[in-house]
Amino acid sequence: MEILKVKHLRKTYHTKKHEILAVEDFSFNLKQGEFVAIVGPSGCGKSTILSILCGLDKPSSGTIEINNNLKFGYMLQGDNLFEWRTIYKNCLIGLELENKLTKENLDYVNHLLDTYGLKDFKKAYPNNLSGGMRQRVSLIRTLATKPDILFLDEPFSALDYQTRLAVSDDVYKIIKKEKKSAIMVTHDLSEAISMADRVIVMSPRPSTIKNIYEIKLTGKSTPIQNRKAKEFADYYDKIWKDIDYHV
Amino acid sequence: MYSEEHQKYLKKIKINKFFIRFTQLLIVFLILFLWQFAANHNLINTFISSSPKAIINTIIELYKNETLFHHIWITFYEVIISFLIATIGGIIIATILWRFKFISKVIDPYLTILNSLPKVSLGPIIIILAGASTKAIIIMALFISIIITIINVQQAFTSTDENKIRLLKSFKAKPHQIFFKLILPSNYNNLINVCKVNIGLIFIGVIMGEFLVSKAGVGYLIMYGSQVFNLNLVMTGIILLCIMASLLYYLIVFVEKRLQK
Ligand SMILES: Nc1ncnc2c1ncn2[C@@H]1O[C@H](COP(=O)(O)OP(=O)(O)OP(=O)(O)O)[C@@H](O)[C@H]1O
Ligand SMILES: [Mg+2]
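Protein sequence lines correspond, in order, to chains P and L.
FYI, my numbering numbers position 244 of the first sequence as 244, with every residue one higher than the one before it.
Quick note, my numbering runs 1000 ahead of the 1-based positions in the second sequence.
Chain L extracted, bound-state conformation:
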């Protein structure tokens, strides 16, 4: 059992944590309340700024004509596919670059240029090549995230402690053994961080792609909403994106915790 002092200390941490959560929720409710209040009393133009009630109504409406989950699913699908390809592909390419320094040196300036290029500018080319389809959206998202994934992962891999590599070599370790026993596990945290950053980038890519080509998805809802000047729909789309992005982020945190056990 803990001493009384330690129990007090633990309790203090708990109370502190509770107040932080409480304040966070309070802020959300306060904003929603003020927003709705201002809308009800015509302090703001609801046509432009929408209102919480209108957003909820829009969601219910979408749900009733059975398109809500369709749009969410489309976007979710595009995000997951691009995320898996970008992360796994990025790590594999980074591994090849780590293993073969020659290729890495040859390719380095190209990576740097591609990385600093604003990827949106590739939009039209991608559409022409891949057609106005889901494929184009996924390629768009891939372009945005895979280059930076490769650069970050390779950087992490090559900065692995040289002495630990020598240690393994003194046991006559082969390159694949060094990779699986040392490089991968020692960069576990870096890889998780890459995943977290990637989810954000992929969302940017997918929504941008949907703005450009799509006929469905949350990005499409926002685009369509703005074209017909239905700001309720635009706001609804943004709120949906917030929810999806945070869900995926916590999914990664969850997986991270599971793997740590």
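Excised from the complex, chain P in its bound form:
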């Protein structure tokens, strides 16, 4: 079932001196429970697309069709935790804003924190946590309001390689277990191939969709395992050529 339909999205930014056509044409549909990754050269408008999809920005033209009952969760680049709030309170911010601090929701947040290894850190403050833990808190904060679609903007870019692999594995499991749909922007092609069901490759600005890959791996399981699949290198090569990095 398709839960999000984007048709001919176009975005122009206006500044005093320039008019920047960031996204020229972007169309795609998201299926229920699907994990889609968007890759593309820096500045091609990936963040722009995400912020338009979740309603923070307006498109210049094009249509976005969504089921009105669906709820969005936006995980921004960087964890943006509030240093003056405890981990627990940080996770509650969305519920506070929506006035939904019900017993049921609080239990859910507690459950998430317990399940994902933050049980002993509920009363701690963000600066006592490692980068990976902070990222998990940021995800739980997004999940707390029970969104149906998650928008993830380079969620792991602040992490070192080891942690990055571990946390992306975690996050992937969490998203699949909670049965969410997700759109993730990343620079890391391996990350995209190992996590996503589909990978969208964008062209440089003004960007259009260059290619969409259906990722079919033998013995598909967790991201770390997926990296060992025999088709992995193939996809990597193709996408690498699409993006055509000039060094």
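Any given hint could turn out to be false.
Unchecked claim - For the chain L half of the interface with chain P, some residues (derived, Cβ under 7 Å), not all of them:
1) LYS1119
2) ASN1163
3) LYS1164
4) LEU1167
5) SER1170
6) PHE1171
7) ALA1173
8) GLN1177
9) PRO1185
What the hints assert, rightly or not - Each computed DSS-like pair below joins lysine-lysine, with the alpha-carbon atoms no more than 25 Å apart:
10) P:LYS89 / L:LYS1181
11) P:LYS103 / L:LYS1172
12) P:LYS122 / L:LYS1181
Unchecked claim - Pair ranges (Cβ atoms, derived):
13) P:ALA166 / L:PHE1022: 50 to 56 Å
14) P:ALA166 / L:VAL1028: 55 to 61 Å
15) P:HIS14 / L:SER1159: 19 to 25 Å
16) L:SER1159 / P:TYR125: 20 to 26 Å
17) P:LEU106 / L:ILE1125: 55 to 61 Å
18) P:HIS14 / L:TYR1250: 51 to 57 Å
19) L:ILE1113 / P:THR115: 56 to 62 Å
20) P:GLU83 / L:GLU1061: 25 to 31 Å
21) L:ILE1096 / P:LYS71: 32 to 38 Å
These are calculated hints, taken from the structure and not from any lab test.
By construction, the Cβ of each residue, glycine as well, lies at the ideal position given by its N, Cα and C atoms.
Once you have looked at the hints, place chain L with the ligands on chain P.
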């Protein structure tokens, strides 16, 4: 329990802190002693430079004719009232400017001009408008501190991390929610600093006001003392101001510590 090494480390910090305090007190006593010594042996002209003993005597005298606490109270009252109005008013105005960028842009050059204007020059106008009264003194103090309060607080508010605002907006937060959940708490330290700076500015304003118009208060004591060439009284006034200013400063530090818990 801490390891032996850590205990040593803690002890070292404690001893170090003690020596700093000790030296600070020593300096005060040394100055007082030298001052009194020089006065006793006619090394300085006590008529102009006064002496610790004379100052203490003056304080006792003021206390005996029941005017000491009257003057202190008047000044204290003026400071507190102006401080509350300037700080709370400044924050409210800064909030409005943060919320409505149009007003902020319109008003910006006026704020800049008012801020660079030497406020003392407004003294005569204030006296004419408000009369030679406590009201004039408070207005004087307000003028000195509120403009800079508005500028500083607004600056702090608008430099709040844009990404955190976007985060709240992604949860569909309304402006007042953004203000109370993010802007205010994230600028807590800035607001405390504004308070600390304000206390100093308010004192300048109040004493200046008292020089110009008042019939009571510590500023008046200093002014009166200099007019009748009673330098003991002038010195006493200055010492009283030192004590009051540091008391108020520590009051803010105390409130700060309480709020942090
Ligand atoms: N608020 C804005 N005003 C003007 N131009 C903007 C604005 N935001 C983005 N742009 C421009 O739009 C283009 C796309 O920006 P965007 O942040 O979406 O790229 P991105 O693909 O997310 O890049 P990166 O991979 O580096 O995060 C860039 O060229 C940028 O300069
Ligand atoms: Mg981006």
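Right, here's what the structure says about each hint:
1. LYS1119: This interface hint is violated because 35 Å lies over the 7 Å limit.
2. ASN1163: 5 Å, holds
3. LYS1164: This interface hint holds because 5 Å falls under the 7 Å limit.
4. LEU1167: Because about 5 Å separates LEU1167 (chain L) from the closest Cβ in chain P, which is inside the 7 Å limit, the hint holds.
5. SER1170: 4 Å, holds
6. PHE1171: Hint on PHE1171 (chain L): holds, closest Cβ of chain P at ~4 Å, below 7 Å.
7. ALA1173: This interface hint holds because 5 Å falls under the 7 Å limit.
8. GLN1177: With a minimum Cβ separation of about 6 Å from chain P (threshold 7 Å), the hint on GLN1177 (chain L) holds.
9. PRO1185: OK, holds: PRO1185 (chain L) within 7 Å of chain P, min 5 Å.
10. P:LYS89 / L:LYS1181: Holds, at about 11 Å.
11. P:LYS103 / L:LYS1172: 22 Å, holds
12. P:LYS122 / L:LYS1181: Within the cut-off at roughly 19 Å; holds.
13. P:ALA166 / L:PHE1022: 50 to 56 Å: Between ALA166 (chain P) and PHE1022 (chain L), where Cβ atoms are some 53 Å apart, the hint holds.
14. P:ALA166 / L:VAL1028: 55 to 61 Å: Roughly 59 Å apart at Cβ, these two residues keep to the hinted range, so it holds.
15. P:HIS14 / L:SER1159: 19 to 25 Å: Distance hint for HIS14 (chain P), SER1159 (chain L) holds at roughly 24 Å.
16. L:SER1159 / P:TYR125: 20 to 26 Å: 22 Å, holds
17. P:LEU106 / L:ILE1125: 55 to 61 Å: Given range 55 to 61 Å: holds, Cβ gap about 59 Å.
18. P:HIS14 / L:TYR1250: 51 to 57 Å: Holds - the Cβ-Cβ distance for HIS14 (chain P) and TYR1250 (chain L), about 53 Å, lies within 51 to 57 Å.
19. L:ILE1113 / P:THR115: 56 to 62 Å: 59 Å, holds
20. P:GLU83 / L:GLU1061: 25 to 31 Å: This hint is violated: roughly 54 Å between Cβ atoms.
21. L:ILE1096 / P:LYS71: 32 to 38 Å: Holds, since ILE1096 (chain L) and LYS71 (chain P) (Cβ atoms, about 33 Å apart) stay within the stated range.
The structure fails to meet hints 1 and 20 from the earlier list, while all remaining hints are met.
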